[in-house]
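S.K.: So the chains spell out like this:
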Amino acid sequence: AQTVTQSQPEMSVQEAETVTLSCTYDTSESDYYLFWYKQPPSRQMILVIRQEAYKQQNATENRFSVNFQKAAKSFSLKISDSQLGDAAMYFCAYRSSSGTYKYIFGTGTRLKVLA
Amino acid sequence: NAGVTQTPKFQVLKTGQSMTLQCAQDMNHEYMSWYRQDPGMGLRLIHYSVGAGITDQGEVPNGYNVSRSTTEDFPLRLLSAAPSQTSVYFCASSYQGLGTQYFGPGTRLLVL
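The listed protein sequences correspond, in order, to chains Z and H. Quick note: the first sequence, position 47, residue 47 per my numbering, numbers continuous. Quick note: to get my numbering, add 1000 to the position in the second sequence (first position is 1).
Accuracy of the hints is not assured; some may be wrong.
Only pairs whose alpha carbons sit at most 16 Å apart, straight line, appear in this in silico EDC-like list of lysine to aspartate or glutamate [what the hints assert, rightly or not]: (1) Lys102/Z / Asp26/Z; (2) Lys70/Z / Asp31/Z; (3) Lys102/Z / Glu1059/H; (4) Lys70/Z / Asp26/Z; (5) Lys73/Z / Glu29/Z; (6) Lys102/Z / Asp1056/H; (7) Lys73/Z / Glu52/Z; (8) Lys102/Z / Glu1030/H.
Which stretches of chain Z does chain H cover? Using the computed rule of at least three CB atoms under 8 Å from a CB of chain H, they are [as the list claims (entries may be wrong)]: (9) 44–54; (10) 77–86; (11) 105–115.
For the record, the hints were derived by calculation from the structure and aren't laboratory data. In this text, all values refer to a predicted model and were calculated from it rather than measured experimentally. The beta carbon of each residue, even a glycine, is placed where N, CA and C say it ideally should be.
Take the sequences, apply the hints, and build the full model.
M.R.: Next up, the structure:
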């Protein structure tokens, strides 16, 4: 069975600095999707970035980028120029590209942004 | 498009009561799912559906029932509420081929 691990329950970053959130996963599949979701205090789950496993190029979305290491089964999120609005829970998620299409979530990392 | 909608936003139940959490999406997504979110445990999958008439159990299905009679709706039923079911419940949907899952705003449930 697939698993997703976020080993950092909480992280802090100074405003305008860069922070990296870690995520590792375990799977025997070769094709899958990986996601980072942001959950602000409003509780709404917001997609930050997604990565298809067959793509070697790391995905980027403005200040957000990932470091996807398929062989190491690692999928970290880098937030550049951190802003106060980035403060939230961040969840890493995995989804197979075939079969039951179930999503597996990590336990989350709470990011605090210090002014 | 309204996206994924959930009702109610907040509900208080007494132990043993039953209720249905409603979820609807207007994006014609095949895949729909229910999660519960508890502190320190992330999102855990309760039930999911890959299309109308097809449902399956997730990681924590006990105490919950689902059905999928239409593509748009995926209600979650609590048969006999227990305090352990106090949680925040999220419904989500996606195209099976594209992967990205869209979430509803959540329902906060308190069972006394």
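S.K.: Hint by hint, where does the structure go against what was stated? Just the numbers, ascending.
M.R.: Number 10 - this is the single hint that the structure violates.
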